[in-house]
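Position chains B, C and D relative to chain A; hints supplied.
4 protein chains.
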Amino acid sequence: MKNTIGNVLKLTVFGESHGEAIGCVLDGLPSGMVINEDYIVSVMQKRQGLSAVSTGRREADHVSILSGVYHGKTEGTPLALLIRNSDVRSADYSSIEDLVRPGHADYTAEIRYEGYQDKRGGGHFSGRLTAALTAAGAILMHALEEEGILIGTHIQRLHGITDRSFGEDLACDMELLKEREFPVLDDEQAERMIAEIKDAKEKGDSVGGILETAVTGLPAGLGEPMFGSVESRISEALFSIGAVKGVTFGIGTAFADLYGSEANDPFAYRDGKIITLSNHNGGVNGGITNGMPVCFQTVIKPTPSISLPQKTVNLKTKENTVMEIRGRHDPAVIHRAAVVVNAMTAFVLADLLSEAYGRSWLRVLRERDNDDR
Amino acid sequence: MKNTIGNVLKLTVFGESHGEAIGCVLDGLPSGMVINEDYIVSVMQKRQGLSAVSTGRREADHVSILSGVYHGKTEGTPLALLIRNSDVRSADYSSIEDLVRPGHADYTAEIRYEGYQDKRGGGHFSGRLTAALTAAGAILMHALEEEGILIGTHIQRLHGITDRSFGEDLACDMELLKEREFPVLDDEQAERMIAEIKDAKEKGDSVGGILETAVTGLPAGLGEPMFGSVESRISEALFSIGAVKGVTFGIGTAFADLYGSEANDPFAYRDGKIITLSNHNGGVNGGITNGMPVCFQTVIKPTPSISLPQKTVNLKTKENTVMEIRGRHDPAVIHRAAVVVNAMTAFVLADLLSEAYGRSWLRVLRERDNDDR
Amino acid sequence: MKNTIGNVLKLTVFGESHGEAIGCVLDGLPSGMVINEDYIVSVMQKRQGLSAVSTGRREADHVSILSGVYHGKTEGTPLALLIRNSDVRSADYSSIEDLVRPGHADYTAEIRYEGYQDKRGGGHFSGRLTAALTAAGAILMHALEEEGILIGTHIQRLHGITDRSFGEDLACDMELLKEREFPVLDDEQAERMIAEIKDAKEKGDSVGGILETAVTGLPAGLGEPMFGSVESRISEALFSIGAVKGVTFGIGTAFADLYGSEANDPFAYRDGKIITLSNHNGGVNGGITNGMPVCFQTVIKPTPSISLPQKTVNLKTKENTVMEIRGRHDPAVIHRAAVVVNAMTAFVLADLLSEAYGRSWLRVLRERDNDDR
Amino acid sequence: MKNTIGNVLKLTVFGESHGEAIGCVLDGLPSGMVINEDYIVSVMQKRQGLSAVSTGRREADHVSILSGVYHGKTEGTPLALLIRNSDVRSADYSSIEDLVRPGHADYTAEIRYEGYQDKRGGGHFSGRLTAALTAAGAILMHALEEEGILIGTHIQRLHGITDRSFGEDLACDMELLKEREFPVLDDEQAERMIAEIKDAKEKGDSVGGILETAVTGLPAGLGEPMFGSVESRISEALFSIGAVKGVTFGIGTAFADLYGSEANDPFAYRDGKIITLSNHNGGVNGGITNGMPVCFQTVIKPTPSISLPQKTVNLKTKENTVMEIRGRHDPAVIHRAAVVVNAMTAFVLADLLSEAYGRSWLRVLRERDNDDR
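Protein chains in written order, with our numbering: chain A, 61 to 433; chain B, 61 to 433; chain C, 61 to 433; chain D, 61 to 433.
Just chain A, with the same shape it has in the complex (with noise of 0.2 angstroms):
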């Protein structure tokens, strides 16, 4: 699928770090929903990170939506995302250009390319394409917002600091995480791994985690049984994001040191509707949503970019040698990467409801809204 995600909503995205746009087309959706700019522009400027901890880059990131939209509202044609590259430092990356870096793409992308590649600034390859997943993302979560089903992600390990987990009262954390410019629950550890991240930045160097996500308010039975998993179509979303190099759901590596008698959750009639009493399969059976809230984990390497002297060789003298690079890093890329989670997840989720529901979903989640009334 390269640069294709979705089965009945497509994404489809293009562009280079240092070239002169990167955007994406999102067709598929529904005619008549609302464009909410002012939510656009908040979520990407989420994705920007909180500017204490975040790129010395920074772009405007303004989202021209060029087709699809008419009069605030889209079409159910296809939507043309186009964000202009307007601070491009390419003398940066010139003087190590045959160097590879390690942990990016650069030699996998010469391989692959042969050497047509667009190197600056790790080209397509660039943590900033993410800007133009999130720009999609956003006008899905708005819309899945306004019919209740909320998206939330925080940062549940960062370098040995650990958040506290997601508690009972779900719709409460949602909120809270709606608020916070840095999306930890817990004050205090949102400070330590703050301070974490300062520090790994003065040292030259960079630090991963692990994001906790949750998703609130979907209605039972979406999704399909092999291929067609919530957490096959999930994961495939989310490895889509450089940083990726885990997905896990409920209650995930803890799977396994449980006995089977710990880790099923038990049905229960209550108030009228089928639940489950615990969670520990993240709101997923025979890939299936089951009406509990869906959950999972996703792991972020540190930044690769740091500016510690690092072992490689020079492709085109085949030399082994030490490089360091300059320009601006991210000595943390988790905080942003949280929101590029959420857009991917809220993606996954309209497609699921396309395939569910039809063209009409927004419509059909509304009739449920009222139903439950």
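Derived from the structure by calculation, the hints contain no laboratory data. Predicted, not measured: the structure shown is a model, and the values here were computed from it. It is possible that part of the hints are untrue.
Pairs involving identical chains hold if they fit within one copy or between any two copies, as the list cannot separate such chains.
To be verified - For lysine-lysine, the following DSS-like pairs were computed, each having C-alpha atoms within a straight-line distance of at most 25 angstroms:
#  : residue 1 : residue 2
1  : K258      : K238
2  : K261      : K378
3  : K133      : K376
4  : K263      : K133
5  : K133      : K261
6  : K238      : K371
7  : K371      : K333
8  : K371      : K263
9  : K376      : K333
10 : K238      : K263
11 : K261      : K333
12 : K263      : K378
13 : K378      : K333
Structure of chains B, C and D alone, referenced to chain A:
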């Protein structure tokens, strides 16, 4: 994608646990690929698991190839693989038909299929369908092996018991795993794990764990950026296996506690090749293979079928109740899942090779091998 | 897409003419759809053609449904349909194995599959595979009929002999075609066509023609702009039938000689509905159904299998030579192709309905019908 | 597939006639393909048509390549092509906004998009979007030409006037068509057609016709059986062009009146190659290219925009009324459609080549050429 997966190579799966047959269609294979029936049989037997710790249900699991093979070689047209369901004891299930089993897809299937699904033995959601995945995968594993691409999986961890990691001499470990009846590298740990499974069985309970997989011999440059990343493709495929709840690459969750300077894999030029001096990223940078072994972990939850009493709901009466599941259960499926993980990995790799090299990918691999000599 | 077609609904076909079996997997059906086996049998028989003018090969063409159906209704999981090859006389073909038959796929298959394909009876390229398409289509034709969507096809032209066009009272013509053993509206022309086919047979030759299809009862608004146009989708499906060499919509080639003022279909509001006063565009504007009958023509070439001597090449010796094809041939397949055209049309329509209305498209159609009353 | 087409190569189109821009994303190109901007400009100009018989709307149609090209060559990453809409006179349309134009997509778009679509100038259904198809196609036409694969289209018939057929010396005719401003082989017939178009314009009417296309230099063995037939793929692509109402291959409708013995193309071995002595099947047997020129016809309906009064309905008031469409209309689009047919054909061929030969299909073609010398 529901029951079909793949970009150039397509795998379509069908069947229910207690229906007439299960099977799959595998389309897009190169012509002239040798079909080794003994190899298929041996892989199918491995999936059945060590009899001491596996299910009472013993299917012959004979794979009939109905099309696409002529004189022992693939034609290039679709292979239809059929496995009859012979050892079916539906009576075991009928008494509990209205009770949804915790940890199973019974409830979500009921919502998704509106009650029309065959509930016997989990129907289309049964682990039995992995026999079809395994049959298809075995054909590809054999072809890849012939070209020097080996896939090996061991149980890294089972209910708190840990195997040794893959060693420096990966070729040796791969060979060792081919011989193993129970896929564990360290004999002593294998004994402990088997004892643990037997113990769980006696308790009427079950255990899960984590698998670790390595693939050696892959060329650099496979995969695509964004949604076509090797990680996206492998995880999409693995999450189609019912018991899988997590997929992590390289050092996986350990990324959360490392500095970038520790996590990055330095490049070096040695013996006419560019390699990395460590392999924390699991052979994939920016979604594309870098020529090092591709390594990942798969989290397997404890088998949900246990004989201990469990809380649940009667779907018809909406009463809260307690159920006991009779019949044959696996106290662990992780050793059997190892085979399915190998099979699905082989499928994804063959699809990636098809995309990169076209119809004649086997020949391209062969010529590569000759060039190396 | 090779042997799989469809966006939401997926059809995957497999098999060779003289292999063990042919069949298909039909995935993405709504759950609870009634399977009428008598209806399937009657459609399969129609595809066998009027015995007086059809092939000597008489297969039982019994369709086994191996999965996806429970208690006579679809589960919503994939249906695997299997048709055994029983009446196989490979000896008829062996003598000519190295000679490529003009008009057949023998030569192109040799190039495409590098000689590994099963050559007997045309292998995977045999018209026999349309039995699998027909079986899948029959299931959908029945479901559509139940909701008032009828598909009818007649032979508009056969070797210079012309049937009358569909009349004003299309419902009446559709009914008439359901009864017809040989799909022609005008009895006298039917007699002439049958005589013409018999005459061709006596000469050792064959004839082709043009089919005309009408679909009534479709809602407006199905289809998509650009590559998802109803015309794109129907033509893609029809050209998968070996004998088809052309597909035209509405008045087809007659558009070439009309003024726009003659070709355009004026709109009118009548009895609470917007209709067009003519239907030159065949029920489709801009790729999307307008609520009028969808009409198209399919060009069927003369059966390439004839017993007259033909010039050809021996693939092994590269000698120019003359061959005579023995065995059983259809002097015409157009009347049989009519059934396959209906089947593939039903598939495309069901796929379009799935995309528009989601999983529950049958229910949406049913509610529409109730609203109309 | 909506606005995305292709299996390995993917083309995604966006935009509305009177929006900010139209464009497309072309993903899956080989790296290192030369981008010839002059060639693109010349193809874009051809699409604008001979000014004497074409639309008053004159767009610069400047194609900006926003990504995927570096130093004049493709990187292998997605190309985003953007064409700004400059010459927009929306006022022309506003007065008729509630009247649905006969032969246009106004009514079907209203149903499909529930009134949210941009109605100005036909919005997403405008012929203007073919500029994006043409830009993408031009890139591929140039690459194919470099490897000796030529695509040529002429007007076979226009409102009763007929051009001569492609001659024995197809290479000569292809060369001739490259030079032609108006794509007709016979100069005299070209004059008559131009006069006919002018005459229609004076009457406030429009005319259609039939295009004939030939592709030379294709290798044998491209395409797939069943749904992946070359005919399926080309027709799917061509029916995405709004004016197309029919696609026929080889001798097309003439198959209806021939005997099999006349229609079959005998094989012969000549000069070290297997060829067919006639080419009635248009270079395709069983869905796969046989190495002879691929030939097909495309039926183009008369432009629906005419200035004569036409019966229609007011969507708001539901009143039957008569409308007159003002503004700029093309009295014929067939000569412009010829360019779009070439473009879409180039896309399909490049996709087929990608599937057959993988990422390096250009190199495989080049090596083939060298072998031939």
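Which of the numbered hints are not met once you compare them with the structure shown?
Checked against the structure, the hints that fail are numbers 2, 4, 5, 6, 10, 11, 12, while the rest are satisfied.
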